[in-house]
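Engineer: Take a look at the letters that make up each chain.
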Amino acid sequence: MNSNRVLSNGVEIPCIGMGTWPLNHKNLMEAVLSGIKCGYRAIDGARDYNNERCLGISLQTVYQKTEFKRSDLFITSKIGNGQQIKGIITRQIDETLRNIKTDYLDLWLMHWPYPGYYIETWQQMEKVYLSGKVRAIGVCNFRERHLKTLTEAHVSTLPMINQIEIHPLRTAKEEIAYFTSQSVLVEAYTPLGLMDKRLIESETLKLLSKRYNKTIPQIILRWHIQQGIIPLPKSGSSIRLKENIDIFDFSLTNDEILKIDCLNENHKLYPESKYCPGY
Amino acid sequence: MKITNYTPSQNIALAINLCFYMNFRKKLLALFFILIILASIYLLTDSLFISICLAVSIILSLLLFILLNKQLKQTNWYKNQFIDSQKFLKDIPHNLEICNLGSNPGKFAFEYDDTLLKGENWAIGPQSLSYDFRVLKNYFSYLQDGGTVLIAIAPLSSCLTDYKDDRTNAKYYPFLDTSLIINYATSLNLRYLQFPILFAPKAVKFLIRDIPSDTRFLLSTNPMNSAEIEQDAINWINGWKNQFSITDMSSKIVSEENQSAIEYNTNLLSEMIEFCTVRNLKPILVLPPVTKALRSKFPEIFLELYVYSFIRNSNTQHIKVLDYFNDERFTDNGLYFNSFFLNSKGRRLFTNSVLLDIKQI
Numbered sequence: 001m002n003s004n005r006v007l008s009n010g011v012e013i014p015c016i017g018m019g020t021w022p023l024n025h026k027n028l029m030e031a032v033l034s035g036i037k038c039g040y041r042a043i044d045g046a047r048d049y050n051n052e053r054c055l056g057i058s059l060q061t062v063y064q065k066t067e068f069k070r071s072d073l074f075i076t077s078k079i080g081n082g083q084q085i086k087g088i089i090t091r092q093i094d095e096t097l098r099n100i101k102t103d104y105l106d107l108w109l110m111h112w113p114y115p116g117y118y119i120e121t122w123q124q125m126e127k128v129y130l131s132g133k134v135r136a137i138g139v140c141n142f143r144e145r146h147l148k149t150l151t152e153a154h155v156s157t158l159p160m161i162n163q164i165e166i167h168p169l170r171t172a173k174e175e176i177a178y179f180t181s182q183s184v185l186v187e188a189y190t191p192l193g194l195m196d197k198r199l200i201e202s203e204t205l206k207l208l209s210k211r212y213n214k215t216i217p218q219i220i221l222r223w224h225i226q227q228g229i230i231p232l233p234k235s236g237s238s239i240r241l242k243e244n245i246d247i248f249d250f251s252l253t254n255d256e257i258l259k260i261d262c263l264n265e266n267h268k269l270y271p272e273s274k275y276c277p278g279y
Numbered sequence: 280m281k282i283t284n285y286t287p288s289q290n291i292a293l294a295i296n297l298c299f300y301m302n303f304r305k306k307l308l309a310l311f312f313i314l315i316i317l318a319s320i321y322l323l324t325d326s327l328f329i330s331i332c333l334a335v336s337i338i339l340s341l342l343l344f345i346l347l348n349k350q351l352k353q354t355n356w357y358k359n360q361f362i363d364s365q366k367f368l369k370d371i372p373h374n375l376e377i378c379n380l381g382s383n384p385g386k387f388a389f390e391y392d393d394t395l396l397k398g399e400n401w402a403i404g405p406q407s408l409s410y411d412f413r414v415l416k417n418y419f420s421y422l423q424d425g426g427t428v429l430i431a432i433a434p435l436s437s438c439l440t441d442y443k444d445d446r447t448n449a450k451y452y453p454f455l456d457t458s459l460i461i462n463y464a465t466s467l468n469l470r471y472l473q474f475p476i477l478f479a480p481k482a483v484k485f486l487i488r489d490i491p492s493d494t495r496f497l498l499s500t501n502p503m504n505s506a507e508i509e510q511d512a513i514n515w516i517n518g519w520k521n522q523f524s525i526t527d528m529s530s531k532i533v534s535e536e537n538q539s540a541i542e543y544n545t546n547l548l549s550e551m552i553e554f555c556t557v558r559n560l561k562p563i564l565v566l567p568p569v570t571k572a573l574r575s576k577f578p579e580i581f582l583e584l585y586v587y588s589f590i591r592n593s594n595t596q597h598i599k600v601l602d603y604f605n606d607e608r609f610t611d612n613g614l615y616f617n618s619f620f621l622n623s624k625g626r627r628l629f630t631n632s633v634l635l636d637i638k639q640i
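Just so you know, the protein sequences line up as chains X and F, in that order. For the first sequence, position 63 (counting from the first letter as 1) is numbered 63 according to our numbering, and the numbering increases by one without interruption. For the second sequence, position 150 (counting from the first letter as 1) is numbered 429 according to our numbering, and the numbering increases by one without interruption.
There's no promise every hint is true.
Negatives, chain X to chain F, calculated, CB over 10 Å [what the hints assert, rightly or not]:
hint : residue
1    : D94
2    : D103
3    : S156
4    : Y178
5    : T204
6    : Y212
7    : N254
8    : N266
9    : H267
10   : S273
Computed list of lysine-lysine pairs in PhoX-like fashion (alpha-carbon distance at most 25 Å, straight line) [what the hints assert, rightly or not]:
hint : chain 1 : residue 1 : chain 2 : residue 2
11   : X       : K37       : X       : K214
12   : X       : K274      : F       : K571
13   : F       : K397      : X       : K148
14   : F       : K561      : X       : K197
Across the chosen pairs, the derived CB separations fall in these ranges [what the hints assert, rightly or not]:
hint : chain 1 : residue 1 : chain 2 : residue 2 : range
15   : X       : E203      : F       : R608      : 47 to 53 Å
16   : F       : S466      : X       : D249      : 30 to 36 Å
17   : F       : I345      : X       : N50       : 42 to 48 Å
18   : X       : G39       : F       : L497      : 55 to 61 Å
19   : F       : T494      : X       : C262      : 43 to 49 Å
20   : F       : Q510      : X       : N50       : 38 to 44 Å
21   : X       : R53       : F       : I461      : 31 to 37 Å
Worth flagging that the hints you see were computed from the coordinates, not collected in a lab. On a predicted model such as this, the values are computed, not experimentally measured, just so you know. Cβ atoms here follow ideal geometry from the backbone N, Cα and C, with glycine treated the same way.
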């Protein structure tokens with residue numbers, strides 16, 4: 001099951017990645033190094049995480065200290081709202097590449113569908129994609145209406161990924177179904193729901209944890225994987241990083257997946273309009 | 280903003296405690312700052328004694344400034360300016376079933392505590408329709424899919440446009456995204472929010488004699504008698520006439536300026552309604568009630584020109600309009616705390632009536 005997924009343009013992406021927010025400096029460097037050592041190949045960053053430069057230095061360290069090369073990794077970054085407002089999107093990618101000390105990104109995402117800007121941003125991102133500086137482009141926090149707006153604007157490339165908040169307290173079934181039907185792969189940020197008390201105390205998760213001799217986060221990440229969602233768990237601890245990727249030696253049954261689905265409360269840990277007014 | 284009243288002596292104790300409990304980096308920074316002051320003065324005066332004396336006085340002045348500023352931020356004068364921020368700074372419940380927007384008439388008209396619904400009153404007094412929309416844009420994600428948005432319309436909502444003065448816009452600084460605040464500037468944030476003592480030195484007088492706290496929301500009776508209510512209604516009308524340059528309430532002619540404001544707000548309200556429907560929210564327009572004394576001051580022609588035609592022209596999507604302006608159930612003066620705004624008793628009665636009416640839609 002630990003195989004790659006394939007984007008609509010044929011580019012392969014690892015089925016699990018590691019998040020990097022809000023890690024920085026020493027914590028980020030240690031996390032990236034130990035993450036890659038324990039098996040992560042996809043690293044999810046963003047300009048707005050304010051750690052892009054540190055990520056670049058961390059990756060340099062990885063290349064120097066391990067046998068891994070740039071081509072072994074799948075690196076993602078995102079263009080933030082501030083950069084969307086500034087415009088000149090093509091320059092923004094150059095800055096990101098300089099920060100990450102690489103000559104290409106595997107995936108470049110639009111962090112938010114910022115009202116009044118996101119169509120223009122996407123059109124510029126398409127140009128960057130055609131230039132070869134990024135192997136794939138996608139979006140984050142898109143709803144059906146945002147994708148429809150893009151389609152109506154007659155863009156030539158549809159997003160290859162949509163990264164949204166998904167965890168058992170927010171299963172986002174309708175969104176997943178819609179984007180999957182449009183050949184847009186779905187990534188999950190905050191995949192463990194910040195280990196909310198409701199998850200820690202969930203009898204369903206406790207039972208499954210006992211049944212498979214796995215931790216609750218492992219059960220949740222497995223639930224993501226089996227739905228075809230790419231989870232992006234973040235941890236600064238090498239033990240947790242290792243634990244989060246040790247999920248490929250068991251499978252949940254369909255019934256068990258449905259039971260986890262039942263925990264859904266449509267609880268958004270990051271209410272979109274708070275981060276992207278007018279979303 | 281934490282609402283805690285500290286005495287000056289408590290403040291000094293807090294400052295001393297803060298010095299001890301500052302983290303290592305902050306302590307280092309403070310020490311570095313003191314050394315810089317000391318070194319600069321020493322270089323200028325060439326006398327260690329004078330340097331130490333001057334450095335101590337500078338540090339003491341700074342401490343005094345910080346303490347006075349902090350004390351000023353605890354006055355009712357300061358808190359009253361940002362009183363409506365509190366509801367946005369607490370943990371807002373997720374998946375709200377209902378919320379309401381609006382200016383003071385909306386603020387004093389709704390309270391969901393006694394209802395079975397998960398709701399929030401997001402009205403701010405006073406507020407233009409433009410800022411209603413800004414608040415909605417910033418907070419609508421707290422509503423559940425299909426949630427209800429009550430847009431409270433006051434008699435003069437159609438004439439009020441964006442605020443031009445920075446002080447009025449400053450009340451949004453604590454809780455609105457900066458991109459939504461008209462003329463947002465960090466300097467204004469420092470001026471009105473962070474360091475009121477620096478930019479409003481006259482306000483120091485409130486440290487000695489403060490103004491009363493705004494407790495209008497807590498009132499459960501009407502402290503005014505009939506004559507006072509009548510006078511209050513006249514005052515409101517005169518205030519509006521003055522604010523919007525209306526000479527004759529019965530005139531069929533609307534000034535060019537007001538006409539242009541009405542057109543602006545018509546488009547805005549129409550846009551707000553569309554914003555809600557596109558996001559699968561259910562907008563409902565509500566005209567809260569007023570006392571008979573105030574109601575009687577509005578000629579029918581005025582209401583038609585400034586209220587009802589405004590609503591009709593904005594409501595191109597034909598959403599529900601709940602009009603309580605003439606509702607006989609809310610004519611009792613005891614439900615208000617002046618001629619215009621409902622008190623807590625009236626608010627509860629009114630909210631429940633609105634919810635019942637929505638159910639019947």
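Engineer: Enumerate the violated hints, using their earlier numbering and listing them in ascending order.
Structural biologist: 8, 9, 10, 12, 13, 14, 16, 17, 20
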